Amino acid sequence: GAVVSQHPSWVICKSGTSVKIECRSLDFQATTMFWYRQFPKQSLMLMATSNEGSKATYEQGVEKDKFLINHASLTLSTLTVTSAHPEDSSFYICSAREGGLETQYFGPGTRLLVL
Amino acid sequence: AQTVTQSQPEMSVQEAETVTLSCTYDTSESDYYLFWYKQPPSRQMILVIRQEAYKQQNATENRFSVNFQKAAKSFSLKISDSQLGDAAMYFCASGGGATNKLIFGTGTLLAVQP
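The listed protein sequences derive, respectively, from chains A and R. Here the numbering used here is used: position 72 in the first sequence is 72, and no number is missing along the way. Here the numbering used here is used: position 102 in the second sequence is 217, and no number is missing along the way.
Read the hints as simulated data drawn from the structure, not as lab findings. Hints are not guaranteed to be accurate.
Result set (DSS-like, lysine-lysine): computed pairs, CA atoms no more than 30 angstroms apart in a straight line [unchecked claim]:
id: 1; chain 1: R; residue 1: K193; chain 2: A; residue 2: K41
id: 2; chain 1: A; residue 1: K64; chain 2: A; residue 2: K20
id: 3; chain 1: A; residue 1: K14; chain 2: A; residue 2: K55
id: 4; chain 1: A; residue 1: K41; chain 2: A; residue 2: K14
id: 5; chain 1: A; residue 1: K41; chain 2: R; residue 2: K188
id: 6; chain 1: R; residue 1: K216; chain 2: R; residue 2: K188
id: 7; chain 1: R; residue 1: K216; chain 2: A; residue 2: K55
id: 8; chain 1: A; residue 1: K14; chain 2: A; residue 2: K66
id: 9; chain 1: R; residue 1: K188; chain 2: R; residue 2: K170
id: 10; chain 1: A; residue 1: K20; chain 2: A; residue 2: K55
id: 11; chain 1: A; residue 1: K66; chain 2: A; residue 2: K55
id: 12; chain 1: A; residue 1: K64; chain 2: A; residue 2: K41
id: 13; chain 1: R; residue 1: K185; chain 2: R; residue 2: K170
id: 14; chain 1: A; residue 1: K20; chain 2: R; residue 2: K216
id: 15; chain 1: R; residue 1: K216; chain 2: R; residue 2: K170
id: 16; chain 1: R; residue 1: K216; chain 2: R; residue 2: K185
id: 17; chain 1: R; residue 1: K216; chain 2: A; residue 2: K64
id: 18; chain 1: A; residue 1: K66; chain 2: A; residue 2: K20
id: 19; chain 1: R; residue 1: K216; chain 2: A; residue 2: K66
id: 20; chain 1: R; residue 1: K216; chain 2: R; residue 2: K193
id: 21; chain 1: A; residue 1: K41; chain 2: R; residue 2: K216
What follows is a list of derived Cβ distance ranges for each label pair [said to hold, decoys possible]:
id: 22; chain 1: A; residue 1: K55; chain 2: R; residue 2: P155; range: 27 to 37 angstroms
id: 23; chain 1: A; residue 1: M45; chain 2: R; residue 2: P155; range: 14 to 24 angstroms
id: 24; chain 1: R; residue 1: D141; chain 2: A; residue 2: T57; range: 14 to 24 angstroms
id: 25; chain 1: R; residue 1: S195; chain 2: A; residue 2: K20; range: 41 to 51 angstroms
id: 26; chain 1: R; residue 1: Q172; chain 2: A; residue 2: L68; range: 41 to 51 angstroms
id: 27; chain 1: A; residue 1: P86; chain 2: R; residue 2: E130; range: 36 to 46 angstroms
id: 28; chain 1: A; residue 1: S54; chain 2: R; residue 2: A226; range: 28 to 38 angstroms
id: 29; chain 1: A; residue 1: E59; chain 2: R; residue 2: R158; range: 12 to 22 angstroms
id: 30; chain 1: R; residue 1: E176; chain 2: A; residue 2: L115; range: 35 to 45 angstroms
id: 31; chain 1: R; residue 1: R158; chain 2: A; residue 2: K55; range: 23 to 33 angstroms
id: 32; chain 1: A; residue 1: K55; chain 2: R; residue 2: G212; range: 15 to 25 angstroms
id: 33; chain 1: R; residue 1: E167; chain 2: A; residue 2: S54; range: 24 to 34 angstroms
Fair warning: this is a prediction, and the values are worked out from it, not measured in the lab. All C-beta atoms in this analysis are idealised placements derived from N, C-alpha and C, irrespective of residue type, glycine included.
With the hints as constraints, model all of the structure from the sequences given.
Here's what the structure looks like:
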């Protein structure tokens, strides 16, 4: 149980375009989802927390207009990188938490390369 | 503010031997949880073990166990009978409070020598 999927796993796009990444909880209802960014050989950096049906809470320094997060249902959250630039190239990981439980389960990640 | 510190950037262990990864943390939360996650080369984050801070008994999952010292704010991971598949980056994390955000350490890269 506790499987989280992400789509796409790989995306290459041109500078200035927008990219949408989906995160789904497959076998549980995720009341809270989290989005992280990870640079090579570094730890995970939390970007934002999203609760189903409400606005996401962004960490300090994360541009909310740049990284749009939508958590429209208990099994789906999306991260849209708007007007992507090469510095947005990174590994993006989502995680999901069920109800009052404490454990976060992670998706496999999405590699974004902006040319 | 919550912090998690992993002081060992890299560790190495012989296959079938035992290795201990260190982690210390600091938190202002009274109710919190501690986790070890494994990230193999695929970069999929995998939960290894979790510990509720209110429980005195150390958590155990097969070959993985923790030494939780609450007063010292220490949470080390012991891997027994190491296997080649254990080679990965290991992250210690703490979570809790209203937001339940996870705070991660910088990771320890574990190599397993055959």
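Cβ separation of A/P86 and R/E130, checked against the hinted range 36 to 46 angstroms
holds (41 angstroms)
Compare the distance between the alpha carbons of A/K64 and A/K20 with 30 angstroms, and conclude whether the hinted pair is satisfied.
The hint holds at about 14 angstroms.
30 angstroms Cα cutoff - pair A/K20, R/K216
Holds, at roughly 23 angstroms.
Could you check the hint for me, namely that A/E59 and R/R158 are 12 to 22 angstroms apart, CB to CB?
Holds: the Cβ-Cβ distance is about 21 angstroms, inside 12 to 22 angstroms.
How does the Cβ-Cβ distance of R/E167 and A/S54 compare with 24 to 34 angstroms: does it lie in that range?
holds (27 angstroms)
Run the distance test for R/K185 versus R/K170: straight-line Cα separation, threshold 30 angstroms.
Given that 30 angstroms is the threshold and the Cα spacing comes to 10 angstroms, the pair holds.
Has the given pair, R/K216 with A/K66, been kept, meaning a C-alpha gap of at most 30 angstroms?
Distance of about 21 angstroms is within 30 angstroms: holds.
Holds or violated: A/K14 with A/K66, Cα cutoff 30 angstroms?
The given pair, whose Cα atoms are some 16 angstroms apart, holds under the 30 angstroms limit.
Do the beta carbons of R/E176 and A/L115 sit within 35 to 45 angstroms of each other?
Once the Cβ atoms are compared, 43 angstroms apart, the range 35 to 45 angstroms for A/L115 and R/E176 holds.
Hint consistency between A/K20 and A/K55 [alpha-carbon to alpha-carbon, up to 30 angstroms]:
holds (17 angstroms)
Can the restraint linking A/K66 and A/K20 be considered satisfied, given a maximum Cα separation of 30 angstroms?
holds (12 angstroms)
With a cut-off of 30 angstroms on the C-alpha distance, tell me whether A/K66 and A/K55 pass.
holds (15 angstroms)
The structure fails to meet hint 28 from the earlier list, while all remaining hints are met.
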